[in-house]
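Those protein sequences? They're chains A and B, same order as listed. Positions 508 to 792 (my numbering) are the ones given, in order, by the first sequence. Positions 562 to 983 (my numbering) are the ones given, in order, by the second sequence.
Derived from the structure by calculation, the hints contain no laboratory data. A few of these clues could be false.
Claimed, not checked - In silico DSS-like links for lysine-lysine, alpha-carbon gap of 30 angstroms or less:
1) A/K623 to B/K911
2) B/K764 to B/K730
3) A/K637 to B/K733
4) B/K789 to B/K714
5) B/K858 to B/K636
6) B/K764 to B/K733
7) A/K637 to B/K858
8) A/K637 to B/K681
9) A/K623 to B/K681
10) B/K982 to A/K637
11) B/K631 to B/K983
12) A/K786 to A/K672
13) A/K629 to B/K858
14) A/K637 to B/K786
15) A/K623 to B/K834
16) B/K982 to A/K629
17) A/K623 to B/K868
18) B/K858 to B/K873
19) A/K623 to B/K786
20) B/K956 to A/K629
21) A/K629 to B/K834
22) A/K623 to B/K982
23) A/K637 to B/K983
Since this is a predicted model, take the numbers as computed values, not measurements.
Spelled out from the first residue to the last, the chains are:
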Amino acid sequence: MTFELVIQLLINGILIGGVYGILSVGLTMIFGVLRVVNFAHGEFIMLAMYSTFWLSFLHPSDILAAVIVAPTFFILGFVIAKYIINPIINDPELSQVFTTMGMGIVMQNAALILWKADPRSKTVTGIPLKLGFLMISYPRLRAFLIAAAVIIILVLILKMTYVGKAIRASAQNRNASAMLGVNLSRIYAIAFGLGIALAAVAGVLLLPIYPAFPMIGLHFVLICFVVVVLGGLGSIPGALVGGLIIGIIESFTGFFVDPSLKSVVYFIVFILVLLFRPKGLFGTI
Amino acid sequence: MKKGLMLVFCLFIATTIIVPGKAVLAQPLRIGTLFPFSGPIALYGNWCYQGVLIASEIINDRGGLFGGKKIELVKGDAVDPKAAVTEVTRLITYENLPIIIGTFSSPRAVPASEVANRYKRIYWEVGAEAERITGRNLDYVFRPFNRSSDKAKPPVEYLINHVAPSLKKDAKDLRIGIIFEQGDWGTDTSNAFMERAKQEGLKIVMALSHDTASLDFSSDIMRVKASKVDFLFTPTYLETIGVFWRQAKELGLNVPGGTCGSGTVDGLHKIIKGPDVDYWLDCEGPSIINPDFLQPKPRENLFELRKRWKAKFNEDVVPYIAYLGFGHSMTLFENVLPRAGSLDSEAVRKAAMATDIPEGGTTLAHGVKFYPPGHPQQGQNERSWAVLTQYQSQKMATAWPPKVATTKPWCPVPTWEERAKK
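With these hints in hand, go ahead and build the complete structure from the sequences.
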């Protein structure tokens with residue numbers, strides 16, 4: 508075992524952890540405010556990947572794609588929340604589960620009918636980044652840096668704007684917020700829209716890394732739930748930290764133990780954290 | 562009066578015998594198709610089905626079977642192994658279908674074929690490779706396609722006869738690694754490769770399994786780099802290979818003897834665009850082969866398939882998986898069923914057991930003869946074999962064995978830095 512190897516594994520883990528973080532932050536946002544687990548989260552990411560793919564024929568820049576896709580998906584999320592999620596917000600959890608799962612199945616199969624099962628991919632050119640002995644994946648580094656910037660902006664919005672404060676208040680105590688004049692229905696729709704917009708940003712950043720195909724959401728969703736629960740339901744910094752922890756565990760386990768046992772090890776860590784801290788690392792729910 | 566009675570009598574004959582007779586003649590030959598039309602491997606299921614469909618359309622356009630009856634395919638969606646069982650049961654008991662063509666996927670094919678056999682219905686496997694599909698002495702299960710162990714021979718022969726000389730090494734000094742998907746198919750294929758490699762005295766220095774849902778291969782790649790492999794064998798699925806190959810470039814994984822998948826890299830050029838896809842090898846059943854190797858009838862079928870695929874999908878290259886569905890169902894429609902004389906399971910079973918097609922006699926180049934009852938691989942085609950294809954200038958070509966190759970293999974593989982300079 509050499510110093511260079513350990514640093515390379517650590518960098519790999521941080522970069523994949525950043526990917527997991529950006530995948531999960533929208534999910535934790537929605538749960539934190541609405542207390543609804545969005546089982547269609549992976550499918551929104553999938554749709555955003557497809558949107559980015561089609562937009563790349565107009566212009567290859569994914570920053571431009573993010574500027575178009577994120578607001579569009581915010582509006583989509585807002586409308587879905589207003590007409591589908593809000594009506595079931597006080598219903599039993601099982602109804603909410605079936606609703607969001609059903610949405611996910613509809614989106615998956617609609618994508619399959621419209622675009623078939625063929626994977627779609629953007630051209631990714633250029634040689635890898637080499638810093639001394641380190642080999643760094645440029646698309647993953649980019650995704651990590653942009654994800655971190657987006658999360659910082661989101662935290663600032665939540666802290667410094669009225670809407671952000673209303674969202675945080677609703678997450679803490681919805682009844683008290685309502686009594687203080689917060690329009691809960693509108694705040695839920697905004698929070699859901701924000702969560703979907705974050706999922707869309709994840710999709711834009713991930714297309715250079717993964718191909719888009721109708722079932723790719725299934726690949727994302729399990730790791731998202733692990734990261735969200737580990738980091739703490741409703742905690743946005745928790746999603747990033749949870750992602751980093753999982754990514755680093757995966758990287759080292761995969762090399763020193765066996766790649767097929769990566770998920771075993773991080774699930775053990777996950778269970779241990781929940782045993783000693785059921786709310787997750789940063790959770791308040 | 563007599564004329565009137567005669568007229569009524571003739572009308573009676575017409576309506577009760579001739580018209581129903583024509584109706585019976587017009588009744589289609591309904592055959593079940595069990596593929597994953599939705600779910601995580603819908604891509605392959607749909608491709609395979611399209612191959613079967615085109616085969617049935619060609620037969621129908623040529624006049625059908627059994628005196629003009631048209632083949633009609635009835636779909637069953639094997640989205641996962643449980644659905645495969647319920648769907649095959651539905652196709653057999655509710656749709657009353659005597660033959661099921663399927664399923665491409667080994668986890669689905671294993672239970673589905675068992676159900677079909679229990680009902681004494683023919684199960685005709687066109688794409689799943691797991692050994693135990695035909696390793697259970699099931700009388701009604703037939704696989705004209707190659708099994709996992711057939712895929713061991715081409716890469717091992719390639720290593721000994723081409724890679725070793727290209728790298729100026731003794732074959733026994735080559736360092737070989739394997740990364741395989743952890744299901745039935747990946748495990749069987751890698752086990753068969755390892756066994757064959759060991760028989761030839763080749764050195765396997767690492768073997769790693771992985772989950773197809775994995776989003777990251779950095780630790781796998783780091784292990785391969787640390788093992789300094791000369792050749793990497795990776796039986797896993799297309800989407801996974803796309804992620805793996807990108808990360809291989811990002812992390813500077815250079816494998817001088819080549820990296821070889823196993824039958825699912827058709828379309829890799831759609832995920833890895835541009836020259837980065839070059840040098841990738843794949844071990845699969847023969848599809849892109851020298852047409853001169855084929856006998857006239859299968860050659861004609863091959864060209865017809867390409868023409869119809871282009872007309873339907875506007876694609877010049879027929880996916881390998883679609884070739885499988887086409888070629889193996891053509892064997893059923895064109896060779897077995899005419900000899901059976903009907904869709905009766907017993908008649909089809911006997912006709913299948915009597916099949917004796919020489920090499921070059923099918924669109925997929927190999928012959929067909931099934932191992933008899935009592936053989937450990939009863940129902941498996943003993944004449945199936947595989948080839949190595951390679952992406953060269955972003956197009957797939959058959960590189961090994963030389964008898965059916967359309968190109969010479971590119972080996973050794975330059976490093977990513979050297980390729981970037983070209």
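Status of each hint after checking the structure:
1. A/K623 to B/K911: Distance ~39 angstroms between A/K623 and B/K911 Cα, so the pair is violated.
2. B/K764 to B/K730: 13 angstroms, holds
3. A/K637 to B/K733: The given pair, whose Cα atoms are some 34 angstroms apart, is violated under the 30 angstroms limit.
4. B/K789 to B/K714: 23 angstroms, holds
5. B/K858 to B/K636: It holds: about 28 angstroms lies between the C-alpha atoms, which stays within 30 angstroms.
6. B/K764 to B/K733: Between B/K764 and B/K733 the Cα gap is close to 6 angstroms, so the pair holds against 30 angstroms.
7. A/K637 to B/K858: Given pair A/K637, B/K858 is violated - Cα atoms ~55 angstroms apart, limit 30 angstroms.
8. A/K637 to B/K681: 61 angstroms, violated
9. A/K623 to B/K681: Distance of about 34 angstroms is beyond 30 angstroms: violated.
10. B/K982 to A/K637: 16 angstroms, holds
11. B/K631 to B/K983: Distance of about 54 angstroms is beyond 30 angstroms: violated.
12. A/K786 to A/K672: Answer holds: A/K786 to A/K672 is near 22 angstroms, not above 30 angstroms.
13. A/K629 to B/K858: Distance of about 41 angstroms is beyond 30 angstroms: violated.
14. A/K637 to B/K786: It holds: about 16 angstroms lies between the C-alpha atoms, which stays within 30 angstroms.
15. A/K623 to B/K834: Answer holds: A/K623 to B/K834 is near 19 angstroms, not above 30 angstroms.
16. B/K982 to A/K629: 22 angstroms, holds
17. A/K623 to B/K868: Roughly 21 angstroms separates the two Cα atoms, so the pair holds.
18. B/K858 to B/K873: 22 angstroms, holds
19. A/K623 to B/K786: 36 angstroms, violated
20. B/K956 to A/K629: At roughly 18 angstroms apart (the allowed maximum being 30 angstroms), A/K629 and B/K956 satisfy the hint.
21. A/K629 to B/K834: With Cα atoms ~8 angstroms apart, A/K629 and B/K834 stay inside 30 angstroms; holds.
22. A/K623 to B/K982: 36 angstroms, violated
23. A/K637 to B/K983: At roughly 19 angstroms apart (the allowed maximum being 30 angstroms), B/K983 and A/K637 satisfy the hint.
When the structure is compared with the earlier hints, violations turn up for hints 1, 3, 7, 8, 9, 11, 13, 19, 22 and for no others.
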